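Line by line, the protein sequences give chains Z and W.
With numbering that gives the first Met the number 0, the residue at position 138 of the first sequence is 137, and numbering never jumps.
With numbering that gives the first Met the number 0, the residue at position 87 of the second sequence is 86, and numbering never jumps.
Since the hints were made in silico from the structure, they are not lab data.
One should not assume that every hint holds.
As the list makes no split between identical chains, a pair holds if one copy fits it or if it spans any two.
[Stated by the list, open to error] Taking lysine to any residue and the SDA-like style, the derived pairs with C-alpha atoms no more than 25 angstroms apart in a straight line are:
(1) Lys230 to Arg174
(2) Lys230 to Arg25
(3) Lys43 to Glu4
(4) Lys110 to Pro68
(5) Lys183 to Asn98
(6) Lys76 to Asn98
(7) Lys43 to Asp33
(8) Lys197 to Tyr273
(9) Lys140 to Gly97
What you are looking at is a predicted structure, and each value in this text was computed from that prediction instead of being measured.
So you can see what is in the structure, the chains are spelled out below.
Number of protein chains: 2
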Amino acid sequence: MTRAELAEQINSKKSFLCLGLDTDIRKIPQHLLDTEDPVFEFNKQIIDQTAEFTVAYKPNIAFYEAMGPKGWVSLQKTLDYIPDNCFTIADAKRGDIGNTSGLYARTFFDKASSGLSFDSVTVAPYMGRDSVEPFFEFEGKWVILLGLTSNEGSQDFQNLDLAEGKKLYEKVLERSQEWGGPDKMMYVVGATKAESLKSIRQIIPDHFLLVPGVGAQGGSLEEVSVYGMNKDCGLLVNSSRGIIYASSGEDFAEKARAEAQKLQLEMAQYLDKYR
Amino acid sequence: MTRAELAEQINSKKSFLCLGLDTDIRKIPQHLLDTEDPVFEFNKQIIDQTAEFTVAYKPNIAFYEAMGPKGWVSLQKTLDYIPDNCFTIADAKRGDIGNTSGLYARTFFDKASSGLSFDSVTVAPYMGRDSVEPFFEFEGKWVILLGLTSNEGSQDFQNLDLAEGKKLYEKVLERSQEWGGPDKMMYVVGATKAESLKSIRQIIPDHFLLVPGVGAQGGSLEEVSVYGMNKDCGLLVNSSRGIIYASSGEDFAEKARAEAQKLQLEMAQYLDKYR
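The task is simple: from the sequences and hints, build the whole structure.
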């Protein structure tokens, strides 16, 4: 999906909601456990009920690979089921030396090889340029690079002060812009640091930001919108557990729909107000 | 495998060779392509011929997952086939927020969940402490944290000078020691920086180092041994392509054996000389 197509979806759905499919076989409603592929069945019903309000789906790859080969089959079926008008993100946090990153790119982008063809994949920056560039060899695909994450451990290294006066994550944002422009790269920026968003937008005014941590992790959607939005919206705000586990009963999909719609309605306001 | 057991294997085989199973279906000998599982068949023959000289096997996970679910089956069969007296490393470069890292830990350590039970997994440090600690919840398992990698991109961030006077990778080595001692953590340290090994050993004198980049990537085994060895040896030096692709013909496994033995003989000398 191109940037223009993504912007069009945001406008037409009046939403910048990314729905995280962190589907845990230990947490899904009991009555699904008798089906042939409970994880896919859960995702299918969630997607059916939320696609109207959602511009991006983000399966968290750990949850699928923890189940071994059958988890990858559930992932394939889920990805195939996501409507074409939704942007897809493999939240995989990969990254390795060049030839190995090339194989990770095949994993998530080359359907003939792996059975999967996501629009994008999240990548960790620690190994630098040649660990990221192989992902760009797939035309039309996106890298979503970790900038500033929302967890406590982001203090350990991302927030360190460099001798040149910047913080490490600011340097990551700055240097990596040479690798990919706003038409093929996005950044993960943790919402619990909504104030940092202002200075982040000075470094990367045009890129889309994938913002985790609204809801369960405590960020404020309005603050993120005020400081993070640009003229194309420029935000994908993720919610996972708050939607998919809104109910643990047979009504889980309806309850997920209600939560997704609630967020979409709030987003529609902010799109009018802050864009 | 415990540190004492690993040290015992190094002593008994007079080797600190880690063999990287970067098995690429596009590169393995033609005659194997007719077998039911060419990747496993290749690995099986490589393991048969090299186990005598090898203390650790390191499947590079990207090569398996790029093939989709059947790649994970080949990986499971390969791991099951590796002799119990060899240390096993999932070279996966994972790392995410706590609950997600917990799932990655299940992927590589919890056979009941994923079909895999490696001794260790490589982890990227960018997301900090809470992205690493969930891996330690599996008793007896190891984290191998990225310190200084051997690729060109290591210059982009790992080598940046911090305001406090250290380089980023030095800070990573220093801070992460609070998370796991030398009985459950190792570090990836690129061999092409053999001189840096001396200063690295001042920060982490006791930890084992996983050293990629000897051979194809140009590091010198003797330099690594001089600067990197400690009283338990403290080194696992990896070779992948130089061994597994020593021949592209039907003699690939015999040629791999010869290359592995050559390295082992050199290692035996250095164990006598520099330990």
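Here's how the hints hold up against the structure:
no.: 1; hint: Lys230 to Arg174; in the structure: within (23 angstroms within a copy, 41 angstroms between copies)
no.: 2; hint: Lys230 to Arg25; in the structure: neither (41 angstroms within a copy, 45 angstroms between copies)
no.: 3; hint: Lys43 to Glu4; in the structure: within (24 angstroms within a copy, 47 angstroms between copies)
no.: 4; hint: Lys110 to Pro68; in the structure: both (16 angstroms within a copy, 12 angstroms between copies)
no.: 5; hint: Lys183 to Asn98; in the structure: within (20 angstroms within a copy, 29 angstroms between copies)
no.: 6; hint: Lys76 to Asn98; in the structure: between (28 angstroms within a copy, 24 angstroms between copies)
no.: 7; hint: Lys43 to Asp33; in the structure: within (15 angstroms within a copy, 37 angstroms between copies)
no.: 8; hint: Lys197 to Tyr273; in the structure: within (14 angstroms within a copy, 54 angstroms between copies)
no.: 9; hint: Lys140 to Gly97; in the structure: within (17 angstroms within a copy, 28 angstroms between copies)
Comparing the model with each earlier hint shows a violation of hint 2 alone; every other hint is respected.
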